[in-house]
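If you read the protein sequences in the order shown, they are chains Y and P.
Letter by letter, the first sequence follows residues 1 to 299 in this note's numbering.
Letter by letter, the second sequence follows residues 1 to 342 in this note's numbering.
Please note that a few of the clues may not be correct.
[Unchecked claim] Dumping the calculated SDA-like pairs for lysine to any residue here, alpha-carbon to alpha-carbon at most 25 Å:
| # | chain 1 | residue 1 | chain 2 | residue 2 |
| --- | --- | --- | --- | --- |
| 1 | P | Lys171 | Y | Ser234 |
| 2 | Y | Lys97 | P | Leu25 |
| 3 | Y | Lys128 | P | Arg177 |
| 4 | P | Lys171 | Y | Lys240 |
| 5 | P | Lys15 | Y | Arg122 |
| 6 | Y | Lys128 | P | Leu25 |
| 7 | Y | Lys97 | P | Leu207 |
| 8 | P | Lys15 | P | Leu25 |
| 9 | Y | Lys106 | P | Ile33 |
| 10 | P | Lys171 | Y | Ser29 |
| 11 | P | Lys171 | Y | Arg247 |
| 12 | P | Lys171 | Y | Thr245 |
| 13 | P | Lys171 | Y | Asp193 |
| 14 | P | Lys171 | Y | Met112 |
| 15 | P | Lys171 | Y | Gln200 |
| 16 | P | Lys171 | Y | Thr67 |
| 17 | P | Lys171 | Y | Ala16 |
| 18 | Y | Lys14 | P | Val340 |
| 19 | P | Lys11 | Y | Arg122 |
| 20 | P | Lys171 | Y | Ala261 |
| 21 | P | Lys171 | Y | Phe61 |
In short, the hints are calculated from the structure, not lab data.
The residues making up each chain are set out below.
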Amino acid sequence: MSISIEHLTKTYGKFAAVDDVTIDIPSGSVFGLLGPNGAGKTTTFKCMLGLARSTSGAVRFDGKPLTAQTFEYLSYVPERSVLYDWMTGDQHLEMHKRTFSRYNEKRAAELMQLFSLDGRKRVRAMSKGMRTALSVVMAFAIDPDIMVLDEPTSGLDPVNQRSVLKLIIDASAQGKTVVLSSHQIGQVERAADHIAVMKQGKVVLGGAVDDLKAGSKIVEGIFPSDSIALNGLSSDARIKRVEKTGRIVRLTVSAGGDVLARQLSVMGAQSVRIVDLNLEDIFLDAVDAGQTANIVETA
Amino acid sequence: MYYYVEYLRAKGAIKIALILLGIVLLAAIVLRIAVHGPSVDDWAYSLAHSPTAHVTRTQLSDGSTRTVIDDPQKQTHAIILRNGGALSMDIREPAASARTQHDSMSMGSMNVNEDTHAGITHVTIDYHSGFEYDLGLLFLATIPVGFIVSTILAGPLAKENDGHLELAWTKPISRERYALASVTVDIVAILVSQVLCAAVALIGTLLFVLPRFSYGPHFGWNILVSLLGPIAWFALLTAASASLKRGPGLVVGLGWLFAIIIPSVAAGLTDAARYNAIASVFYVIFHSLSYLDPISYMSFHNMKSTIGTGFGLSIAATAFALAALSIGYIALSVLQWRRVEA
Chain Y
1 MSISIEHLTK TYGKFAAVDD VTIDIPSGSV FGLLGPNGAG KTTTFKCMLG
51 LARSTSGAVR FDGKPLTAQT FEYLSYVPER SVLYDWMTGD QHLEMHKRTF
101 SRYNEKRAAE LMQLFSLDGR KRVRAMSKGM RTALSVVMAF AIDPDIMVLD
151 EPTSGLDPVN QRSVLKLIID ASAQGKTVVL SSHQIGQVER AADHIAVMKQ
201 GKVVLGGAVD DLKAGSKIVE GIFPSDSIAL NGLSSDARIK RVEKTGRIVR
251 LTVSAGGDVL ARQLSVMGAQ SVRIVDLNLE DIFLDAVDAG QTANIVETA
Chain P
1 MYYYVEYLRA KGAIKIALIL LGIVLLAAIV LRIAVHGPSV DDWAYSLAHS
51 PTAHVTRTQL SDGSTRTVID DPQKQTHAII LRNGGALSMD IREPAASART
101 QHDSMSMGSM NVNEDTHAGI THVTIDYHSG FEYDLGLLFL ATIPVGFIVS
151 TILAGPLAKE NDGHLELAWT KPISRERYAL ASVTVDIVAI LVSQVLCAAV
201 ALIGTLLFVL PRFSYGPHFG WNILVSLLGP IAWFALLTAA SASLKRGPGL
251 VVGLGWLFAI IIPSVAAGLT DAARYNAIAS VFYVIFHSLS YLDPISYMSF
301 HNMKSTIGTG FGLSIAATAF ALAALSIGYI ALSVLQWRRV EA
């Protein structure tokens, strides 16, 4: 089931939390929505699901607008816990069982076991990670075709994070559409085949992960000391970003990787290598673009 | 059953009502055991069958029996008047102590007065075994419990606003239906608690006396107003809190305050408004606001016949007004809630 977000805008007064966002999420894909805090990811999700009224724009699920019935096959894990403190885990599952026709009791029991959750425990007695896990169990127990997961690993230990990731990948393999937001870019990289990067309410980068990686390379040089003159590099049109960390210089380049590697050697680099871009590089490149004159110096 | 959360809340509120009613019933049972002793009939029998008593029985023209007992040895003089289930006793006997005192007690269908003076105790007892019990008034006793439960359950939509909308609104059900179902579940819980309260009140009565049940002239209306009052109150609090981002706690707390203050101020300004222009303006404001306050309608003018005749309305008009307020407030709640954002 595909999702199409067309020119979505959400303003609060003069502030545009989501600004003319257009995203196409292909059916059966895992779509990562990335962005720094306050970029508008959660607001986009809320507008998508009708939890907040969009100022303008449209969202379509398989070409149809959202209705109450859409939630029969759509599940949502919000960024923060929205569970009822006074209810137990089992009561939350019972609520879903009585509400969703596709609720799978066996699957819910398996997932509760996977996350070592005690269903008799009240939510107020659960840790943040346990609450997140319970939300994930509820989302997957209704056997949805679309999952919108806003920080679904927040507060989880590494083992459970891995379990959530596996659930997402398995769901995708079964043809489900997963929309995922996470600050753990490594996790998104493992699961997502498409991404969009948001910044200040706008989508600044989007597409298939492989396509985004294909265009660029990282040229990394290690210098004998940290007093490196980067003169001329920032003005090179092939270089999208220059990052300097102590004695290491990393260039994100769109073309001419070999030439620039030789240039770093000429500048005195002891060793130079050319590596593929990872999602974190793509993300940082998209987020920093136009903000730091493409030279970033970190400690 | 997408209203499962509200069903659990309602179940919890009924549990609280049951605990309160259980305490009341237990107290009634304890009281019944504490006052258990020879009945009035037993006492009359023992006086008349004392070996030293001189008993004179007379059949009066109205069908009643008059028994005069004189017991010179025990210095007891008693007159017992019996007419069907009614019994009246007037007894004079030596006092246990020389102290002067007066006691009176009413319990169910029995009134007892006891005067001790100059070493003589004078006891009068009036007892009606089949006293009339208006079932319509039985529901008056349910109003406090109805208000307690309606206050506990008030603001179900604001409770969802308090961080649960992402769960409530991602169900395959429209917001309007969800809101109406939640409100309906709560209203049913309020009604159930009131019916339970009526049952406990009835059992409590039967522990002490077997009355003759009757239906007063406003039987149905009394029941209707007793039930509609708490529902209208619940609806008002729900409407006042439906668009809040937080829970309904503040609205519920202040609601009671305003509900009592507004009609009180209106009543207080009634006289001043005739002479003072400013007072008359405030009177109009507070008096008008009183019409929106269900508690203003719940005045008890005549406990023996009817309730809910606030604003001088008839009991039927009061019932209609409370029903209209309930429907209006619920509609307002739903309209507001569907516009809230998570």
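Each hint tested on the structure:
| no. | hint | verdict |
| --- | --- | --- |
| 1 | P:Lys171 x Y:Ser234 | violated, 52 Å |
| 2 | Y:Lys97 x P:Leu25 | violated, 38 Å |
| 3 | Y:Lys128 x P:Arg177 | violated, 32 Å |
| 4 | P:Lys171 x Y:Lys240 | violated, 45 Å |
| 5 | P:Lys15 x Y:Arg122 | holds, 19 Å |
| 6 | Y:Lys128 x P:Leu25 | violated, 44 Å |
| 7 | Y:Lys97 x P:Leu207 | violated, 45 Å |
| 8 | P:Lys15 x P:Leu25 | holds, 15 Å |
| 9 | Y:Lys106 x P:Ile33 | violated, 55 Å |
| 10 | P:Lys171 x Y:Ser29 | holds, 23 Å |
| 11 | P:Lys171 x Y:Arg247 | violated, 55 Å |
| 12 | P:Lys171 x Y:Thr245 | violated, 49 Å |
| 13 | P:Lys171 x Y:Asp193 | violated, 28 Å |
| 14 | P:Lys171 x Y:Met112 | holds, 21 Å |
| 15 | P:Lys171 x Y:Gln200 | violated, 30 Å |
| 16 | P:Lys171 x Y:Thr67 | holds, 10 Å |
| 17 | P:Lys171 x Y:Ala16 | violated, 28 Å |
| 18 | Y:Lys14 x P:Val340 | holds, 20 Å |
| 19 | P:Lys11 x Y:Arg122 | holds, 17 Å |
| 20 | P:Lys171 x Y:Ala261 | violated, 56 Å |
| 21 | P:Lys171 x Y:Phe61 | holds, 16 Å |
This entry does not satisfy hints 1, 2, 3, 4, 6, 7, 9, 11, 12, 13, 15, 17, 20, going by the numbered hints stated previously.
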